[in-house]
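Chemist: Residue numbers (the numbering used here), protein chains in the order written: chain A, 1 to 327; chain B, 1 to 356.
These are computed hints drawn from the structure, not numbers from a lab.
Honestly, I wouldn't trust all of these hints.
Unchecked claim - For the chain A half of the interface with chain B, some residues (derived, Cβ under 10 Å), not all of them:
id: 1; residue: Leu33
id: 2; residue: Val36
id: 3; residue: His193
id: 4; residue: Arg211
Claimed, not checked - Using C-beta positions, here's what the derived DEER-type ranges look like:
id: 5; chain 1: B; residue 1: Lys248; chain 2: A; residue 2: Leu319; range: 48 to 54 Å
id: 6; chain 1: B; residue 1: Asp78; chain 2: A; residue 2: Ser38; range: 36 to 42 Å
id: 7; chain 1: B; residue 1: Asp243; chain 2: A; residue 2: Val128; range: 55 to 61 Å
id: 8; chain 1: B; residue 1: Asp243; chain 2: A; residue 2: Met304; range: 37 to 43 Å
id: 9; chain 1: A; residue 1: Met139; chain 2: B; residue 2: Gly227; range: 35 to 41 Å
id: 10; chain 1: B; residue 1: Gly227; chain 2: A; residue 2: Val170; range: 26 to 32 Å
id: 11; chain 1: B; residue 1: Asp243; chain 2: A; residue 2: Met139; range: 25 to 31 Å
id: 12; chain 1: A; residue 1: Ile132; chain 2: B; residue 2: Asp130; range: 25 to 31 Å
id: 13; chain 1: B; residue 1: Leu18; chain 2: A; residue 2: Arg125; range: 23 to 29 Å
Claimed, not checked - Quick look at which bits of chain B chain A covers, simulated, 3 or more residues with Cβ under 8 Å:
id: 14; region: 182-190
id: 15; region: 279-288
Cβ coordinates follow ideal geometry from the N, Cα and C atoms, glycine included.
Below, each chain spelled out in residue letters.
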Amino acid sequence: MSDISRPAPAAGSTLARLTQNNQIVLLVTLVLLCLVISLGAPQFYSVDNLIAILRQCSLVLIIAAGMTMLLIAAEVDLSVGASLAFSGVVAMDVTNKTGSVALGVAAAILFGGAVGLFNGLVVTRLRVNSLIATIATMMILQGGVYLYSREAVQNMHLQKAFTDISTGYVGPLPVPVIIAAVVVIIAYVVLRHTTAGRYIYATGANERAARLSGIRPERLKLIVFVVTGLLTGLAGLILASLMNAGQPTAGRGFELTVVAAVILGGTSLTGGRGSLLGTLLGVLVLKVIDNGIIILRWDQDLQMVIPGIVIVLATYLDLVRKKNDAT
Amino acid sequence: MGNLPVSKQQMVEIARALAHEARVVVMDEPTSSLTPAEVALLFEVIRRLTSIGIAVLYVSHKIDEIFEIADTVTVLRDGRHISTKPIAEHTPDSLIHDMIGRRIENLFPRERGPASAETILKVENLSTTDKLKDVSFEARAGEVLGFFGLMGAGRTELAKAIVGFDPIRTGRISIGGQPLTPHDTRTGKALGIGLLTEDRKSEGLMLELPVLHNMSLASLSSFSSGGFVDEGRERSAVQEFIDRFRVKTPSLNRQIKYLSGGNQQKVLLARWLMRGLKVIVVDEPTRGIDVGAKSEIFALIDKLAADGLAVVMMTSEMPELLGLSDRIAVMAEGRLTAVMDRKDATQEKVLNAAIA
């Protein structure tokens, strides 16, 4: 017992401080953003607007949870945007044809999972670099979705359950927000408190060391690719429900938003470093900026420009912090 | 240039320095990857340089080299200047004293008793596609089996093959009577064999992660139930090894990259010992470690054998080989060329077998 209740200061660790620092910076940024935006547009604080922000976060968050794990394992998946659109098309089409929402849901999630499995196999078996492999998958899916359906698959089944996936509420909270919260909490627990989570960090930090310690990095990575795929399928389903159509052109550039949010959250592209809490804050910051641009009636093109600048700044600050820590 | 052996690359570097009319040539650990013959050649070149009036600043942690080549020796410790003296005023003991700030009575203390007769590791007719040819040997509980060989003799390849890290072409490996099949590190870990790598940075350490996570990596499953890590138990087990091995770290959460080489090595050794092994393979266990920490690592290795592990030690350091081993195996070009008892071994015998 005495070992467990060791002096508390030991817990004020460098690593914890480092990641917390990053998260504190993000939190402060978030608060400042909210203040500035609300000065220009007081309706920012309305319940409707806050719920709208959360709803917009949810799609990104669901996929970002998987992407965080992938980046920590030193891999990346750039096919999530294309897979998102395709899964949405599949969800709507299968529900149209079978009249069953359950089958549509299952089809979308399984389709996403299959894409993840394909990515994982190409990366771990054929040993193609994941950046290249998943860009290839993205191209295959973007072309493939047109072979599957020339135009948007409209809602012909008119099932209420299908539209409820995105527009329904549980209490005051929209369903997608609840789904995202569940996903984020599970992913957080896995990364923080399970052996699998530790092995994901170990694999990203030093794959050879992990293997020497009896871990199977390839299998682990394959699983994380599949998980990311399943989550993408889930997000695709929600998107189709939201748009009330399976839209082949949806999700263009979505992969960049996701990766940007994860990196903004302090997860390292080189693997072994990162946290889900950071990702959560990263997504919030990006989406609050989005929202601010809209309600302040700024030029919508700034929705791309400003996040770009924010990411450069955040990465630079992270570098500076690491340097200071080293000395 | 990249195709030249290291020794030739060094000669080119030296020639380049001379071409720029260097008056002072600085060499930093120049012999770390040279064979004895190449070292002799390098020293010959150094003597010629000094004879034509060029100063050579020779940085090394190898004591015998310093006595062979230096005129004046300056000792630095923890970034501070400790002493500068003509070499004639030093004995190996006084030099070590300056280097670590205390005296080491015996670099190779032997506390353990004789090895048991029980064979733990059995390797039969092991070959790999690129290096090893028909290697067979056994290691017993409680012994240190030292493997010597020149650069490229296949020691590291052997170490990686017998723990399941590198694939093998033919042959059988068994640990405690159980065959290592399938041939992977997961099976190896389950059977109780682990490797302390020679290349800490690229195969051992997770530099950005804390000491805690680095140490518990191989034994995490024993601190978890249902896939959840019990961090309290993990911490207390890690703390126990930190105390026992006297690892100098301000906290368990310190990123391991800030620890010294010796302390990093202790953490990696503990990574395996926490799990409980039957066989530990240590590859160049004291590479890049200062003399003080070296003596501690030697004592730990002795202790491991005393606890009944079979220790398979790959080394290119003759004193280490002769000082620690119960039996000595010598490799040359991927083959095993001699196995001898420590009491029958001499430096000449070992070197002859290594060159054969």
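Chemist: Hint by hint, say whether it matches the structure.
Modeler: Each hint tested on the structure:
1. Leu33: Hint on Leu33/A: violated, closest Cβ of chain B at ~29 Å, above 10 Å.
2. Val36: At about 34 Å, which exceeds the 10 Å cut-off, the nearest Cβ of chain B leaves the hint on Val36/A violated.
3. His193: With a minimum Cβ separation of about 6 Å from chain B (threshold 10 Å), the hint on His193/A holds.
4. Arg211: Holds - the Cβ of Arg211/A comes within 10 Å of chain B, reaching about 6 Å at its closest.
5. Lys248/B / Leu319/A: 48 to 54 Å: Check failed, 29 Å falls outside 48 to 54 Å.
6. Asp78/B / Ser38/A: 36 to 42 Å: 54 Å, violated
7. Asp243/B / Val128/A: 55 to 61 Å: For Val128/A against Asp243/B, whose Cβ atoms are near 46 Å apart, the range 55 to 61 Å is violated.
8. Asp243/B / Met304/A: 37 to 43 Å: Violated - the Cβ-Cβ distance for Asp243/B and Met304/A, about 55 Å, lies outside 37 to 43 Å.
9. Met139/A / Gly227/B: 35 to 41 Å: The hinted range 35 to 41 Å holds for Met139/A and Gly227/B, with Cβ atoms some 37 Å apart.
10. Gly227/B / Val170/A: 26 to 32 Å: 29 Å, holds
11. Asp243/B / Met139/A: 25 to 31 Å: About 56 Å separates the Cβ atoms of Asp243/B and Met139/A, which means 25 to 31 Å is violated.
12. Ile132/A / Asp130/B: 25 to 31 Å: 28 Å, holds
13. Leu18/B / Arg125/A: 23 to 29 Å: 52 Å, violated
14. 182-190: holds (count 6)
15. 279-288: This one is violated; 0 residues, fewer than the three required, reach chain A with a Cβ under 8 Å.
Hints 1, 2, 5, 6, 7, 8, 11, 13 and 15, counting from the list given before, are not met by this structure.
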